[in-house]
Structures are given as structure tokens and as C-alpha cells.
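Q: Here my numbering is used: position 54 in the sequence shown is 80, and no number is missing along the way.
Bear in mind the hints are in silico, worked out from the structure with no lab data behind them.
On a predicted model such as this, the values are computed, not experimentally measured, just so you know.
It cannot be assumed that every hint is accurate.
[Claimed, not checked] Simulated pairs of lysine-lysine, BS3-like, Cα-Cα distance not exceeding 27 Å:
id	residue 1	residue 2
1	97	77
2	116	63
3	77	63
4	37	103
5	103	63
6	116	80
7	103	116
8	103	77
9	97	37
10	77	116
11	63	97
12	37	80
13	37	63
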Amino acid sequence: MIAVDLEDLTKYESVLSDPSQPIADRVDSLFCIKAFKEPEAVDSLVRSFHKEPKSELLKHEICYCLGQMNKSEEHVKRIQQFLEHVVDEKSGYPEIVVHEAVEALGNLSQDQ
């Protein structure tokens, strides 16, 4: 993980959350956010997930990145809470998204 100016985090989140941006730029921003060590990066990905209007694949990738992030206690608590919501059968998320959320939860548990 790298420490980066939180203004950069805001910039990356803006690109990730903007459906008018090219998908390659959005994915690049996603993986840049994943590299942040600050807990705000988790919140940024969760917000971006909720803002995403249609791309199941991008939501899938957000879940993947959450499962790969810093495993500090603060990160894990935030990530688990979000992923458990996605997995909840009442959430109504597409199977590809739920599947990746389950994988991410397993990855979090595996590394603790």
C-alpha cells in the first residue's frame, strides 16, 4: 500500500464514479484507489459501488479490490460490513457481483 494525498483519492473517485468516462480510465482509477492505505479509500470504493448505474462488471471489480485491500482491523471491519450487505439475499445484486463479494469475504478471513 502507498500513502497518497487524499486529494488524489477524490480525483480517482470522481473518474471511477463517472459513467461518461472511458471504462479503461475508470478501471485504472479503481486500482489506484485500491493502493491507498487510508481507510477513506474503502469508503470511496463503497460510494462508487452505490453510484454505479449499470456496470455489473465494475461492481464486481470493486468487490474484488475491497477483498485485496489493506487488512488492518479498521479496513476489515468496514469492508466486511459492506460485503455482507452485498451478499445478503435481499440485496438483489446480480450473481456475478454477489459471487465476487463472497470471494472477497473469504480473502479477508483467510488473511487474518
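Q: Hints first: check each against the structure and report whether it holds.
A: Here is what the structure says about each hint:
1. 97 <-> 77: holds (25 Å)
2. 116 <-> 63: violated (31 Å)
3. 77 <-> 63: holds (22 Å)
4. 37 <-> 103: Roughly 25 Å between the alpha carbons, so the hint for residue 37 and residue 103 holds.
5. 103 <-> 63: holds (14 Å)
6. 116 <-> 80: Answer holds: residue 116 to residue 80 is near 19 Å, not above 27 Å.
7. 103 <-> 116: holds (21 Å)
8. 103 <-> 77: Distance of about 21 Å is within 27 Å: holds.
9. 97 <-> 37: Judged against 27 Å, a Cα distance of about 24 Å means the pair holds.
10. 77 <-> 116: holds (19 Å)
11. 63 <-> 97: It holds: about 10 Å lies between the C-alpha atoms, which stays within 27 Å.
12. 37 <-> 80: holds (21 Å)
13. 37 <-> 63: Roughly 16 Å separates the two Cα atoms, so the pair holds.
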